[in-house]
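So the number in our numbering is just where the residue sits in the sequence shown, counting from 1, plus 110.
It cannot be assumed that every hint is accurate.
Pairs of lysine-lysine, DSS-like flavour, derived with a Cα cap of 30 angstroms [claimed, not checked]:
| # | residue 1 | residue 2 |
| --- | --- | --- |
| 1 | K335 | K374 |
| 2 | K344 | K374 |
| 3 | K335 | K395 |
| 4 | K395 | K344 |
| 5 | K395 | K374 |
Listed next, with one range per pair, are the computed distances between beta-carbon atoms [to be verified]:
| # | residue 1 | residue 2 | range |
| --- | --- | --- | --- |
| 6 | V309 | A133 | 19 to 25 angstroms |
| 7 | E416 | A454 | 54 to 60 angstroms |
| 8 | G206 | R345 | 51 to 57 angstroms |
No wet-lab data here; the hints were simulated from the structure. All C-beta atoms in this analysis are idealised placements derived from N, C-alpha and C, irrespective of residue type, glycine included.
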Amino acid sequence: MSFDSLGLEPRLLASVSAMGYAAPTPIQRDAIPQILAGRDVVGVAQTGTGKTAAFVLPLLQRTPTRRGVRALIVTPTRELALQIADVVRDAGRRTGHRAAVVMGGVGMGPQMAQIRRGVDIVIACPGRLLDLHSRGGVDLSRVETVVLDEADRMLDLGFWPDVRRILALLPAGRQNLLFSATMSPGVLNVVQSTLHDPVRVEVTPPSTPVERVEQAVYPVGRDQKTDLLVELLKRGGLTRTLVFARTQHRADRLHRLLERRGVKSAAIHGGRSQNQRQAALEAFKSGRSHVLVATDVVGRGIDIDEVSHVVNYDLPNTPEDYVHRIGRTARAGASGTAISFLAAEEMATFTAIERTLGERLPCHDLDGFDYAHREVPAADRDVVKKGAGNHAPGAKPAGRSGRRGGRGRAGGAGRAAR
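Build the full structure now, drawing on both the sequences and the hints.
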């Protein structure tokens, strides 16, 4: 199927061609005609499936220009807001639409001034949008279409009370578009209470990792995680690596430790200013930094192609976050690798992740790495799956894994993960 058959007008088709899109992705193919028809739509799709263009293209076609704010896109993170704005700008080069990004971390004055000059589309994070509205900086009374992007993440981060207040400011007869990577009970409640007779478009089963991502686990003591990460990075193969840490403090600390060990890195999390976050992303995209250390708060908003590896330095709190993390690699048709460090105190989370995935993840040791005492995943752990690829230099499959430890050279199939 081509974009010509979806009902898009010639100006948008020209933009699509200029953006390098050859054919619509499944979410674009299924969602665009429904949105153009004016239906409320629920889109369930992982990041990297083309979902942003799936709502931006028909939104541009349905949104009039020079008549005030008629479309509103609400998203949980600043990074995602900026990425959506990039797509709106590129897709709308021939349509004359004007858009404003409303988010924290930068001054409110320039945002208010831009809206006063006239915009058609507002892309916003919930808190700043409410602040702006309370100061009379934005009129939402004529919004015809609202998009709630990353709805599951907005729920996870506690933004839903703010989103409900925003929805109460909008006209009752608006079109509602909701996109989410998972259809959790919370998101289902949102759909039932907010959308009117929605069409559901689902292209990826919820909580299913990208099939092209190879997953591997490294059992290691919590005090040796940094040493193991540095050793993996120095052996090569991890060309552009996104590392997830549990907290802002741990992300900053890991970034500093990596720099001291000669690894060019950057850190990005909610505690950094918008300028710092943007500089970190640009350094990572340009290759000046080979490692980007992130927290989950902003990790979902990172949309970067050619990430070779995702490393779970700390396992996430939920299996759903694990799925979203590993989805940062293997994008745009490429393959990718997700490596998880597993300390003894993370076993409960690890077990929940395996239960959600419906499979046992292969455990490995790094050949030649000097492991100190550690407690391992579980007694009689199965060996690594046959045919597993070379996810890291010098990696060896785990054998039986009783709760023993010791120092010395680890890495043979009979000695790994002991």
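A quick look at each hint next to the structure:
Taking the CA atoms of K335 and K374, the gap is near 18 angstroms; set against the 30 angstroms cutoff, the hint holds. Restraint check: the Cα-Cα separation between K344 and K374 comes to about 11 angstroms, which is no more than 30 angstroms; the hinted pair holds. A threshold of 30 angstroms between alpha carbons decides the hint, and for K335 with K395 the separation of about 25 angstroms falls inside it, so the pair holds. Taken as a hint, the K395 and K344 pair is honoured in the structure, with Cα atoms around 20 angstroms apart against an allowance of 30 angstroms.
About 13 angstroms separates the Cα atoms of K395 and K374, which keeps this hinted pair within 30 angstroms; it holds. In this structure the supplied range 19 to 25 angstroms holds for V309 paired with A133, their Cβ-Cβ distance being about 22 angstroms. Between E416 and A454 the CB atoms are about 34 angstroms apart, so this pair departs from the stated range of 54 to 60 angstroms. One distance hint, 51 to 57 angstroms for the beta-carbon pair G206 and R345, holds here, with the actual separation near 52 angstroms.
Violated hints amount to a single one, hint 7; each of the other numbered hints is respected by the structure.
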